[in-house]
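Trainee: Listed below, chain by chain, are the residues.
Number of protein chains: 2
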Amino acid sequence: MKKIINQPAQVVDEMLDGFSYIHSDIIYRLEGYDIIARRAKKTGKVAIISGGGSGHEPSHAGFVGEGMLSAAVCGAVFTSPTPDQVLKAIKEADEGAGVFMVIKNYSGDVMNFEMAQDLAEMEGIEVASVVVDDDIAVEDSLYTQGRRGVAGTVLVHKILGDAARLGKSLKEIKRIADELVPNIHTIGLALSGATVPELGKAGFVLASDEIEFGIGIHGEPGYRREKMQESQKLSQELVEKLIQSFDIKETDSFGILINGMGATPLMEQYVFANDTRKLLEKQNIAIVYKKLGNIMTSIDMAGISLTLIKFKDKAWIEALNSPVTTAAW
Amino acid sequence: MKKIINQPAQVVDEMLDGFSYIHSDIIYRLEGYDIIARRAKKTGKVAIISGGGSGHEPSHAGFVGEGMLSAAVCGAVFTSPTPDQVLKAIKEADEGAGVFMVIKNYSGDVMNFEMAQDLAEMEGIEVASVVVDDDIAVEDSLYTQGRRGVAGTVLVHKILGDAARLGKSLKEIKRIADELVPNIHTIGLALSGATVPELGKAGFVLASDEIEFGIGIHGEPGYRREKMQESQKLSQELVEKLIQSFDIKETDSFGILINGMGATPLMEQYVFANDTRKLLEKQNIAIVYKKLGNIMTSIDMAGISLTLIKFKDKAWIEALNSPVTTAAW
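These protein sequence lines are chains A and B, in that order.
Sequential numbering from 1 applies to the first sequence in full-length UniProt numbering.
Sequential numbering from 1 applies to the second sequence in full-length UniProt numbering.
Hints were generated in silico from the structure; no laboratory data involved.
These numbers come from a predicted model, not from an experiment.
Some hints here could point you the wrong way.
Note that the list lumps identical chains together, so a pair holds whenever it fits in one copy or between two copies.
[What the hints assert, rightly or not] In silico DSS-like cross-links for lysine-lysine, where the CA-CA straight-line distance does not exceed 25 Å: (1) Lys241 - Lys2; (2) Lys290 - Lys41; (3) Lys278 - Lys249; (4) Lys227 - Lys171; (5) Lys201 - Lys168; (6) Lys41 - Lys201; (7) Lys91 - Lys42; (8) Lys2 - Lys278; (9) Lys233 - Lys91; (10) Lys282 - Lys312; (11) Lys233 - Lys2; (12) Lys314 - Lys290; (13) Lys42 - Lys314; (14) Lys249 - Lys41; (15) Lys41 - Lys291; (16) Lys45 - Lys278; (17) Lys227 - Lys174; (18) Lys201 - Lys233; (19) Lys227 - Lys201; (20) Lys249 - Lys2.
Could you build the full structure based on these sequences and the hints that come with them?
Mentor: Spelled out as structure tokens, the structure:
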């Protein structure tokens with residue numbers, strides 16, 4: 001393992017200190033906690049929070065800021081944050097109108113966030129939540145009942161963050177979230193495994209000419225390993241699976257998110273974007289929103305994921321385009 | 001080589017098509033050229049342009065947009081753009097007040113941009129330029145007389161882009177640029193080499209426990225290879241060399257830019273940021289501006305660079321903080 005770190009056990013702590021140093025104008029770290037909260041003035045609106053294991057940077061701390069998340073809770077690498085940390089984030093974020101939690105569908109996350117919700121409600125804070133399960137690659141997985149929550153989660157942050165800024169109630173935000181999540185589908189592939197610093201070696205190994213389709217963001221198994229192919233073939237497989245996963249009418253419009261897994265250069269992401277554009281055009285899929293970059297990574301994994309969001313509500317497009325003050329959106 | 005591309009010879013063309021697809025709200029690609037230009041309304045001000053070989057994404061196309069670059073010229077991977085491409089960019093960007101070129105100090109770039117300047121002046125367009133040579137690692141290099149131009153170049157884009165937006169004349173911008181460039185110093189290190197798609201193998205190979213200090217963004221040799229060390233030791237070497245390179249008074253204030261080389265996860269960049277913060281604080285270096293991310297990459301190189309900018313003019317800080325509309329700032 002060759003990484004720019006110090007003691008592997010300190011990596012999250014030091015990363016969060018570095019993060020709060022670099023972005024001190026936007027966010028702060030709660031002393032003694034692995035929580036990043038925004039500096040934006042409290043205005044009595046609903047607070048959106050999220051979090052999960054570390055190793056997916058810039059998720060989720062990079063999306064804390066005005067117009068998006070109020071706070072992010074950062075667990076150990078690939079490990080759910082504990083309920084007391086989530087509870088502290090809820091209390092820090094609350095502005096009196098309740099707190100909405102965006103949870104990726106991993107058994108540990110769901111359990112710990114829901115436990116924190118119970119504890120917060122006992123203290124009189126209103127809490128609601130949604131579980132994001134956008135990854136269509138596989139049913140059930142190493143750490144998940146049902147589908148995994150992956151890159152599409154960040155679109156949920158953005159759309160709900162905008163709704164909160166517009167002053168929507170906790171109940172309204174819950175309604176939007178429940179309508180939104182089934183309309184976001186993601187599928188990815190890996191060229192290499194991710195190395196958790198404390199383990200010191202890659203979670204899985206692919207041969208020098210091999211890829212795996214459907215991999216999870218913690219290296220959970222996908223659905224097929226095979227020989228490396230050209231970008232247009234890779235895109236074709238992901239686009240086809242995504243299109244099949246939606247019930248598409250001619251009048252539907254969509255957004256795409258192309259997500260690098262951590263070690264995939266922008267050069268490759270943009271080549272893949274070009275292939276994806278061609279395939280979507282050929283299928284007459286109307287794309288009215290586009291985003292690309294390292295959004296939900298898997299430490300140093302090389303790979304890419306493609307997310308399609310179907311805009312059942314035009315307000316979602318406006319929400320995605322609204323300006324925010326964050327480190328990474 | 002395992003890369004998400006199609007034919008290696010087509011990688012720049014397809015990447016630029018993908019880039020202009022994803023960011024079509026901000027920029028467009030000039031049909032038939034490897035040039036990205038901004039959509040912002042022309043207002044008769046000086047245009048700032050830049051460019052160079054591809055492989056440094058998001059540089060430079062990612063910095064085209066309102067408040068920053070008017071256009072970027074993209075050469076083949078690690079290869080200077082040709083004079084006719086640069087000339088075309090000058091003509092496309094010109095709004096009647098002249099065009100200012102930010103050139104990284106590589107012999108090919110300097111020659112081709114200056115040739116384009118001569119051609120443009122023959123056509124009646126006023127052109128001025130600056131050559132950025134911020135890399136303090138080595139004197140002279142594989143493709144360079146003197147010092148190389150690296151990540152600090154993007155700070156020049158930002159500060160001059162703001163000056164242009166404020167309506168400064170070509171002459172004033174030249175004056176700012178000449179004062180600015182000597183106050184930006186960068187030094188980097190690599191954990192792995194970069195693979196140019198058309199070559200198919202890494203430009204240099206480091207052992208699994210080896211790093212190289214002072215490497216260039218095209219894999220040009222640095223000044224020392226040695227065993228991998230902890231982040232704080234790596235930071236210490238870079239910080240010390242940077243501090244030695246400036247004449248520092250107690251009243252001076254600085255900015256830092258921590259730059260990932262392409263395959264280095266944010267996790268590592270933020271750990272390094274934390275170590276760098278501690279070292280700068282210990283040395284009583286006042287840091288009033290901070291930025292971090294994959295800004296000037298070397299395709300899929302793992303590595304990091306650290307830039308210090310000494311603020312001789314407080315206006316530079318305001319310029320760095322001013323909002324822009326680009327794909328990547």
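Trainee: All hints are to be evaluated individually against the structure, with a verdict given for each.
Mentor: Here is how each hint holds up against the structure:
In this homomeric assembly, Lys241 and Lys2 come within 25 Å of each other (Cα to Cα) only across copies, at 23 Å, whereas the closest approach inside a single copy is 36 Å. In the homo-oligomer, the alpha carbons of Lys290 and Lys41 lie at most 25 Å apart only across protomers (22 Å), although the nearest pairing inside one protomer, at 30 Å, exceeds that limit. Proximity of Lys278 and Lys249 under a CA criterion of 25 Å is satisfied intra-copy only: 19 Å inside one chain copy versus 56 Å between copies. In this assembly of identical chains, Lys227 and Lys171 lie within 25 Å of each other by CA distance neither inside one copy nor across copies; the values are 48 Å within and 56 Å between.
In this homomeric assembly, Lys201 and Lys168 never come within 25 Å of each other (Cα to Cα): the closest approach is 46 Å inside a single copy and 54 Å across copies. Within a single copy, Lys41 and Lys201 get their C-alpha atoms no closer than 43 Å, and across copies no closer than 51 Å, so neither meets the 25 Å cut-off. Taking the shortest alpha-carbon separations for Lys91 and Lys42, only the intra-copy value of 13 Å comes in at or below 25 Å, while the best inter-copy value is 48 Å. For the identical chains of this complex, Lys2 and Lys278 are inter-copy neighbours only, at 22 Å across copies versus 38 Å inside a copy, given an alpha-carbon limit of 25 Å.
Taking CA atoms no more than 25 Å apart as the test, Lys233 paired with Lys91 passes in neither setting, with 48 Å inside one copy and 38 Å between copies. Taking identical chains as interchangeable, the C-alpha atoms of Lys282 and Lys312 lie at most 25 Å apart only when both belong to the same chain, with a minimum of 22 Å there against 54 Å between chains. In this assembly of identical chains, Lys233 and Lys2 lie within 25 Å of each other by CA distance solely across copies; the values are 14 Å between and 32 Å within a copy. Taking the shortest alpha-carbon separations for Lys314 and Lys290, only the intra-copy value of 15 Å comes in at or below 25 Å, while the best inter-copy value is 37 Å.
In the homo-oligomer, the alpha carbons of Lys42 and Lys314 never lie at most 25 Å apart, since the shortest distance is 28 Å inside one protomer and 31 Å across protomers. Taking identical chains as interchangeable, the C-alpha atoms of Lys249 and Lys41 are never at most 25 Å apart, the minima being 42 Å within one chain and 37 Å between chains. For a Cα distance limit of 25 Å, the shortest separation of Lys41 from Lys291 across copies, 23 Å, qualifies, whereas the shortest one inside one copy, 28 Å, does not. Taking CA atoms no more than 25 Å apart as the test, Lys45 paired with Lys278 passes in neither setting, with 42 Å inside one copy and 37 Å between copies.
Within a single copy, Lys227 and Lys174 get their C-alpha atoms no closer than 43 Å, and across copies no closer than 53 Å, so neither meets the 25 Å cut-off. In this homomeric assembly, Lys201 and Lys233 come within 25 Å of each other (Cα to Cα) only across copies, at 22 Å, whereas the closest approach inside a single copy is 30 Å. Taking identical chains as interchangeable, the C-alpha atoms of Lys227 and Lys201 lie at most 25 Å apart whether they share a chain (23 Å) or sit on different chains (18 Å). For the identical chains of this complex, Lys249 and Lys2 are neighbours neither inside a copy (49 Å) nor across copies (37 Å), given an alpha-carbon limit of 25 Å.
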